[in-house]
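Peer 1: Take a look at the letters that make up each chain.
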Amino acid sequence: MSKTIRVLVTKPGLDGHDRGAKVVARALRDAGFEVIYTGLRQTPEQIAAAAVAEDVDVVAMSLLSGAHNSLFPRVVECLKEHGAGDILVIGGGVIPESDIPFLKEHGVAEVFTPGTPTTVTVDYIRKAMAERGVK
Amino acid sequence: MKEKFEQIALEKEKWEQGPLAKILTKAPERPHLPEQRIYTPLDVDTSEEHYVNKIGFPGQFPMTRGGQPTMYRGRLWTMRSYSGFATAEESNQRYRFLLDQGVTGLSVAFDMPTQIGYDSDHPFSEGEVGKVGVAIDSLADMEKLFEGIPLDKVSTSMTINAPAMVILAMYQAVGEKQGVASQLLRGTVQNDNLKEYIARGTYIFPPRASMRMTADLFAYCKDNIPKWNTISLGGYHIREAGATMTQEIAFSFANAIAYIQQALDVGLDIDDFAGRISWIFTADINVLEEVAKFRAARRLWAKILRDRFGAKKTSSWMLRVHCHTSGSVLTAQQPINNAVRVALQAFGAVLGGTNSMATCAFDEALSIPTEESATLALRTQQIIAYESGAADIIDPLAGSYYIEAMTDKIERDAEELIEKIEKMGGAVAAIESGWMQNEILNSAYRHQISIEQGERTIVGVNKFTGGDVSNVNLTKVDPSVRDVQTAKIRDLKSRRDEAEVQAALAELHRVAESTENLFPATLRAVKAYATLGEICDCLRDVFGEYVAVKTI
Amino acid sequence: MIQTDHLEALIEEACTRRSHRAVARLISMAEDDPKDSFQIVKRIYPMTGNAYFVGITGPPGAGKSTITDKIAKLLRQQGARVGIVAVDPSSPFSGGAILGDRIRMNDLALDPDVFIRSMGTRGYYGGLSAAVDSAAKIFDACGCDYVLIETVGVGQSEVDIMQLADTLLVVSVPGLGDEIQMIKAGLLEIADILVVNKADRDGADQVAGMLKTMQMLGPPREEGWMPPVMMTSAQENRGIAELLECIEQHRAWRSSRETADRVRSDRLRGEVVRLLQAELCARAFAAHHLDEELDSLLGQMLERKVNPYDWIETKARLFG
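Protein chains in written order, with the numbering used here: chain A, 1 to 135; chain B, 136 to 687; chain C, 688 to 1007.
Next up, chain A with everything else stripped away, as it sits in the complex:
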């Protein structure tokens, strides 16, 4: 029996543009994943608490307000504090290429910039889960 992949789709910080997050959430659902959608204005603590309570495999963050360099690493930190450092963390939004190395150094496994087809994100998650032995 194969395990259903659970993904937390969330918007940290104050940014209210949720088109991208919602479109990705639907695409993940259509790919057979279970998506826990938290809505807007999530603090890093809330995101970590939700990720842990829902035992998700992936945390997917969307941010268009430029606050990614401080908020994304904070989320990773909070997850570690909860003993959930093994959860895969990915992000998307208005994020310049030049910021991506910094984010990766701070625990964000991959960043999907504007224009990335949703299929790329889906395949990335599937592959990552397969590599971890989660089907």
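Please keep in mind that the hints were generated in silico from the structure rather than gathered at the bench.
Treat the hints with care, as some may be off.
Said to hold, decoys possible - Partial list, derived from the structure: chain A residues whose beta carbon lies under 8 Å from chain B:
# : residue
1 : Val-23
2 : Arg-26
3 : Ala-67
4 : Ala-128
To be verified - DSSO-like cross-link-like pairs, simulated, lysine-lysine; straight-line CA separation at most 27 Å:
#  : chain 1 : residue 1 : chain 2 : residue 2
5  : B       : Lys-438   : B       : Lys-279
6  : B       : Lys-447   : B       : Lys-189
7  : B       : Lys-662   : B       : Lys-357
8  : A       : Lys-3     : C       : Lys-1002
9  : C       : Lys-729   : A       : Lys-3
10 : B       : Lys-312   : B       : Lys-288
11 : B       : Lys-611   : B       : Lys-189
12 : B       : Lys-555   : A       : Lys-104
13 : B       : Lys-623   : B       : Lys-611
14 : B       : Lys-279   : B       : Lys-312
15 : B       : Lys-598   : A       : Lys-127
16 : B       : Lys-555   : B       : Lys-544
Treat the numbers as computed from the prediction; the structure is a model and nothing was measured.
Here a beta-carbon is modelled for each residue, glycine too, at the ideal position from N, C-alpha and C.
Please build the complex by placing chains B and C on the supplied structure of chain A, with the hints as guidance.
Peer 2: Leaving out everything else, chains B and C in the frame of chain A:
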């Protein structure tokens, strides 16, 4: 009544069965195109009656051809550049630079904390201060923002919604300090909270409280800031969230109807405030469709105001449009292409008759604009204005069979959708149930699928890919802005008259609980140098905060 | 299949130290593997029996998540520990789901004494109700005084879940016209309390009236309890205290009756029988290689050379 063009119909059939059929068997058309390939007099009403009643002349009902009789021949559209970042001092420099480069109006971008009523030192402001706009924590910052900019000489459009009243009160206070009477102030506050619940997310208070604050602002400005556009309904944000063109018009018009009703309910006369309602629409990249969209929207609005609400003044029937080129159409891949996209979008908006426009910079999918990219965005408008000829003839595409047919169609479709929303109980009901948001998401999702399945081509993204993005110089906002602002707040709090601040906030609290107009109490608090966060917290205490509905 | 000592450690962490991570992992394990589910539920069973289960169901848009959130907050004020299971429909095409109930429960996310789990209606071993039941038992074992179970009451499987509830709230809203749907889904028959939410809206009184009338038409779920119609405006936090009191009244009424535990014992019996049947069946099939034998005979059965019903009788006689 449509004229019968029997000969044309006959010729068309001959052409379809002759040369067209012949070439289609040899070389079929490209895939995923609109179904109707060509428009003829058969597709439009070419009667005199139709021209007189539906197309008409600019500056009079039904406004299809434009809002003013001379349009751009009399005065070009207001050229703006949406701008603001980091501290008030730095943004002030950018505004003065832009004014030197030839913008004819300012357009202020505020950062997220300011838009949501949090001071820069609030825990939620971490990482957000000064990023997407300028940080304004108090009147002191506002004064710096407009230093050296005479408020009687500029028109300022401010993208602020939930705390619009507070920011406008600050603007008025700045004017007073400059010696400019509030009667002379010109500009706009966006002040459209319904679209925040639907598409943009910078709400604070629940819908009823927001509607009250909007009506209070209308009433106050009518007597005190009469040249001020008290609302800029979007339009834009709904489209950017994924809505179709029809939804862009229908949903924003439905919201407008709700605001108008609210204002009428508190006793205002339609002609008292309708002339100060303005709009912000997208200029999307399908140039021809956009032209038709603007024409259809003008005609539909004029009908609604005159026929449904009984407005008597011509200025009440006019759709006052600011247009912002669509940002969601721009790509992170091969960013330089975006300069071309913006040019096309702006061109469409001009042919469509917009009254004001802000063009995106080509690097917007990556970061906020640099001086260089913001300048190019402005030059785009200037070249269209002075070199292309588009501004020299009024409504030049009128009479095109395609444009007139599209104009009629868009008007019809939007009208139908508005009726549907009215049957649901109006915009507020449609938003509270999550229906509008869901419709928009459906459109957004369909759009994404059509791109991913190759039905829709985006150059540089799913076709003609490859190309270096790394050479673009981007604006980076220094994260120390938060520390700078925090220090300013501390300093402000130590210098101001604390007793007056507390008294003003207490008064504000009392007025919020009553049904009196909130503006005067807000103005008092602002002048006492209460911070934006303190004022908004006071209102939060009375009104509560909006909790989003499940819309996914 | 999970290692016993690993399971022990996890149960210890979940039930004694009430670690959210451990609780969540246990629920996932129970959802994903029927054998693990059995072992977990077996192991924690002695620690269950303290929680009171409240079901909240109704059409989309009725405000169930808001009501759940408000009830939970009130219970927290009273010092109770609360578990919440929020069920949303999975796509019949992809099997995926968007679980969005947490949007309305943001304030509860950081409360250490509130446990929230979102679930899709995906095909579970033993049916959806088994998965929800495991989660509810795990919350029970970890010290929750109340477990709130929220579902959209449209499908049969959702109606089944609602049998888990000690007290079932069925929520309506003026203007949606969903009363007929609810009758079709059999919800009105199993409701213990009827709630009209968004009661400040036009038509609320009419909905209440209609519900009261419809109640008269059918037999009550339990002899002697006439489900009351409660009016709430959950968003404004109105009517919630009264609603909670009504739940407590139902609880008290139930425990004061002679056949007090009949509903619970029926439920337990049903579950035990189901699990025992499944277990016996699995063993029988394995021990006698029934699957392989059937596969080899299917062709002849279709050709009417072998009678499948004879075969069934023969195989059944192996067991007495």
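Peer 1: Does each hint fit the structure? Answer for all of them.
Peer 2: Cross-check of the supplied hints:
Satisfaction of the interface hint for A/Val-23 is found here, the shortest Cβ-Cβ separation to chain B being roughly 5 Å, below the 8 Å cut-off. For A/Arg-26, the interface hint holds, the least distance from its beta-carbon to any beta-carbon of chain B being 5 Å, beneath 8 Å. Interface restraint check for A/Ala-67: the shortest CB-CB distance to chain B comes to about 4 Å, inside 8 Å, so the restraint holds. For A/Ala-128, the interface hint is violated, the least distance from its beta-carbon to any beta-carbon of chain B being 20 Å, above 8 Å.
Annotation: proposed proximity of B/Lys-438 to B/Lys-279 is violated, straight-line Cα distance about 43 Å (limit 27 Å). A threshold of 27 Å between alpha carbons decides the hint, and for B/Lys-447 with B/Lys-189 the separation of about 19 Å falls inside it, so the pair holds. In summary, the hint linking B/Lys-662 to B/Lys-357 is supported, as the alpha carbons are separated by about 21 Å, within the 27 Å threshold. Only pairs whose Cα atoms come within 27 Å are accepted, and A/Lys-3 paired with C/Lys-1002 is rejected, the gap being roughly 35 Å.
Restraint check for C/Lys-729 and A/Lys-3: satisfied, since their Cα atoms lie roughly 22 Å apart, inside the 27 Å limit. The hinted pair formed by B/Lys-312 and B/Lys-288 meets the criterion: a straight-line CA distance of about 15 Å does not exceed 27 Å. In summary, the hint linking B/Lys-611 to B/Lys-189 is not supported, as the alpha carbons are separated by about 50 Å, beyond the 27 Å threshold. At roughly 48 Å between alpha-carbon atoms, B/Lys-555 and A/Lys-104 are farther apart than 27 Å, so this suggested pair is violated.
For a cut-off of 27 Å, the pair hint linking B/Lys-623 to B/Lys-611 stands: about 22 Å separates their Cα positions. Only pairs whose Cα atoms come within 27 Å are accepted, and B/Lys-279 paired with B/Lys-312 is accepted, the gap being roughly 12 Å. For the hint pairing B/Lys-598 with A/Lys-127, the CA-to-CA distance comes to about 25 Å; that is within 27 Å, so the pair holds. About 17 Å separates the Cα atoms of B/Lys-555 and B/Lys-544, which keeps this hinted pair within 27 Å; it holds.
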